[in-house]
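Residue numbers (our numbering), protein chains in the order written: chain A, 1 to 225; chain B, 1 to 248.
By construction, these hints were calculated from the structure, which means they are not laboratory data. Idealized CB from N, CA, C, for every residue including glycine. Take these hints with a grain of salt, some might be off.
Stated by the list, open to error - Restraint-style ranges between C-beta atoms, simulated for each label pair:
id	chain 1	residue 1	chain 2	residue 2	range
1	A	I9	B	L7	51 to 57 Å
2	A	V96	B	L210	34 to 40 Å
3	B	A148	A	L119	32 to 38 Å
4	B	L7	A	D80	47 to 53 Å
5	A	G24	B	W241	57 to 63 Å
6	A	D80	B	L210	54 to 60 Å
7	B	T76	A	Y199	26 to 32 Å
8	B	M226	A	T129	57 to 63 Å
9	B	S57	A	V164	37 to 43 Å
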Amino acid sequence: MSGVWRAFISLVQRDLLLAYRHRGELINPLLFFMIVVTLFPLGVSPEDSLLRTLAPGVIWIAALLAALFSLESMFRSDFDDGALEQMALSPQPLPVLVLAKVLAHWLVSGLPMLMMAPLLALFLAMPATGIRALELTLLVGTPLLSLIGSIGVALTVGMRRGGVLLTLLVLPLYIPVLIFATTAVTAAMAGLPYDGQIYFLAALLALAMTLSPFATAAALRISLS
Amino acid sequence: MWNAIKLFFHKLASPRHFYRIAGWLIPWLAALTLILLGAGLFLGLFVAPPDYQQGQSYRIIFVHVPSAWMSLFVYTFMAVLSAIYLIWNIKLADVMVRSSALLGASFTFLALSTGSLWGKPMWGAWWVWDARLTSELILLFLYMGYLALVSAIEDPRTAARAGSVLILVGVVNIPIIHYSVEWWSTLHQGPTVTKLDKPSIHLSMLIPLLLMAGAFQLYYFTVALMRARVEVLDRERRSDWAKEILAG
Numbered sequence: 001m002s003g004v005w006r007a008f009i010s011l012v013q014r015d016l017l018l019a020y021r022h023r024g025e026l027i028n029p030l031l032f033f034m035i036v037v038t039l040f041p042l043g044v045s046p047e048d049s050l051l052r053t054l055a056p057g058v059i060w061i062a063a064l065l066a067a068l069f070s071l072e073s074m075f076r077s078d079f080d081d082g083a084l085e086q087m088a089l090s091p092q093p094l095p096v097l098v099l100a101k102v103l104a105h106w107l108v109s110g111l112p113m114l115m116m117a118p119l120l121a122l123f124l125a126m127p128a129t130g131i132r133a134l135e136l137t138l139l140v141g142t143p144l145l146s147l148i149g150s151i152g153v154a155l156t157v158g159m160r161r162g163g164v165l166l167t168l169l170v171l172p173l174y175i176p177v178l179i180f181a182t183t184a185v186t187a188a189m190a191g192l193p194y195d196g197q198i199y200f201l202a203a204l205l206a207l208a209m210t211l212s213p214f215a216t217a218a219a220l221r222i223s224l225s
Numbered sequence: 001m002w003n004a005i006k007l008f009f010h011k012l013a014s015p016r017h018f019y020r021i022a023g024w025l026i027p028w029l030a031a032l033t034l035i036l037l038g039a040g041l042f043l044g045l046f047v048a049p050p051d052y053q054q055g056q057s058y059r060i061i062f063v064h065v066p067s068a069w070m071s072l073f074v075y076t077f078m079a080v081l082s083a084i085y086l087i088w089n090i091k092l093a094d095v096m097v098r099s100s101a102l103l104g105a106s107f108t109f110l111a112l113s114t115g116s117l118w119g120k121p122m123w124g125a126w127w128v129w130d131a132r133l134t135s136e137l138i139l140l141f142l143y144m145g146y147l148a149l150v151s152a153i154e155d156p157r158t159a160a161r162a163g164s165v166l167i168l169v170g171v172v173n174i175p176i177i178h179y180s181v182e183w184w185s186t187l188h189q190g191p192t193v194t195k196l197d198k199p200s201i202h203l204s205m206l207i208p209l210l211l212m213a214g215a216f217q218l219y220y221f222t223v224a225l226m227r228a229r230v231e232v233l234d235r236e237r238r239s240d241w242a243k244e245i246l247a248g
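Could you put together the complete structure from these sequences and hints?
Here it is as structure tokens:
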């Protein structure tokens with residue numbers, strides 16, 4: 001096993017262990033996700049047909065916001081206790097380590113959202129075909145959110161009040177994901193094929209996976225300097 | 001010849017010479033801007049015939065289209081300069097990026113507001129969720145994000161580097177955002193100037209449009225250089241040459 005691969009695996013393991021030790025914090029973005037979705041029927045109308053048309057957008061926007069809130073924790077504690085500096089100094093390439101951290105972050109934030117989404121879809125009266133498409137878009141889309149978001153977090157990690165700024169930086173970049181995901185779900189609910197949108201999302205994921213770790217690593221070095 | 005060009009660029013990269021060269025360029029650029037603006041406005045407002053469908057109200061394109069072009073040009077230019085700054089660490093590249101950002105945002109805002117003014121009589125609404133309008137709005141958000149980021153970081157060098165990374169990330173995303181939005185919905189009329197075979201705009205309207213585009217371009221360089229000069233002076237205020245200028 002090569003050194004880079006071992007570093008990748010052990011960093012993922014370490015982050016997962018850390019997340020497991022603070023289980024309480026993991027629940028918060030999920031609760032947020034759920035509460036935001038619940039507000040829509042209360043605020044708009046509990047009528048089934050209306051909820052069904054709104055459902056893809058509502059669930060995806062709630063997922064975007066929940067992902068955004070969970071992002072902040074990606075580098076924060078490592079930045080505060082100096083572990084991030086050690087990673088930057090380590091002989092392993094920083095982009096690989098970044099990718100490991102993003103993967104760990106997705107496993108504890110994106111994946112639970114994926115599991116909770118069908119429940120929320122039922123709240124919003126979504127048909128089964130829509131739920132399948134929703135799950136598929138979340139499966140491809142949420143890693144994308146973590147990858148794009150990591151650049152924004154890396155740029156703002158050194159700031160005391162980076163939260164609102166992070167939203168400003170990252171949300172415009174999330175727009176293509178939102179568009180492709182929601183049109184896919186809407187198409188599925190209308191009984192239309194939605195492979196095209198999924199392929200687009202997958203292409204974006206491939207692009208983000210290859211490029212964003214470098215941008216994140218560069219941004220982290222700037223924040224650390 | 002080659003050496004002279006190289007020397008010119010080396011000089012341009014030094015704050016002191018930049019200050020001098022920019023100071024020399026600005027009056028010329030300003031004069032050219034005024035000439036082109038005058039000619040463009042005259043031809044556009046008085047000479048060009050009214051449109052057979054849209055009447056007089058189409059004339060707003062002489063402001064709208066150049067500002068939309070500039071909003072994209074400025075962002076691209078900022079991205080090139082950001083790359084130059086990150087790769088060769090030339091301070092002046094960042095000075096230009098910083099002084100361009102607000103101008104780019106203003107061009108974007110101008111394009112959006114003139115488009116909105118034109119949309120009310122033509123489409124019957126101030127705002128429609130058309131693809132190009134939406135991507136222009138997102139471009140405005142990207143400019144705002146850059147401005148927010150660099151103003152939030154106190155250390156000028158960190159701010160410059162973080163801003164450059166953000167601009168480069170943005171420029172990779174702009175085509176993706178543009179095409180995803182385009183795919184999502186479109187109502188805006190198709191391109192009329194850049195069609196390869198034959199532009200579908202009449203020459204009497206094309207000439208003022210291009211004159212106005214030239215005027216906007218030169219206006220941008222004039223004001224960006226003016227802002228950059230002040231910025232250079234501010235950053236170099238502890239050096240001898242800047243003290244001399246500030247004292248005199």
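Comparing the hints with the structure gives:
Evaluation of the 51 to 57 Å hint for A:I9 and B:L7 yields a pass: the beta carbon distance comes to about 54 Å. A hinted range of 34 to 40 Å for the beta carbons of A:V96 and B:L210 is inconsistent with their spacing of about 50 Å. Distance hint for B:A148 and A:L119: a CB-CB separation of about 36 Å, consistent with the stated range 32 to 38 Å. One distance hint, 47 to 53 Å for the beta-carbon pair B:L7 and A:D80, holds here, with the actual separation near 49 Å.
The given range of 57 to 63 Å is respected by A:G24 and B:W241, whose C-beta atoms sit roughly 59 Å from each other. A C-beta distance of roughly 55 Å is found between A:D80 and B:L210, which places it inside the suggested range of 54 to 60 Å. Distance hint check: the CB atoms of B:T76 and A:Y199 are about 28 Å apart, consistent with the given range 26 to 32 Å. For the hinted restraint 57 to 63 Å between B:M226 and A:T129, the CB-CB distance of approximately 59 Å keeps it satisfied.
Checked against the hint of 37 to 43 Å, the C-beta distance between B:S57 and A:V164 comes to roughly 40 Å, which is consistent with it.
Comparing the model with each numbered hint stated earlier shows that hint 2 is the single one that does not hold.
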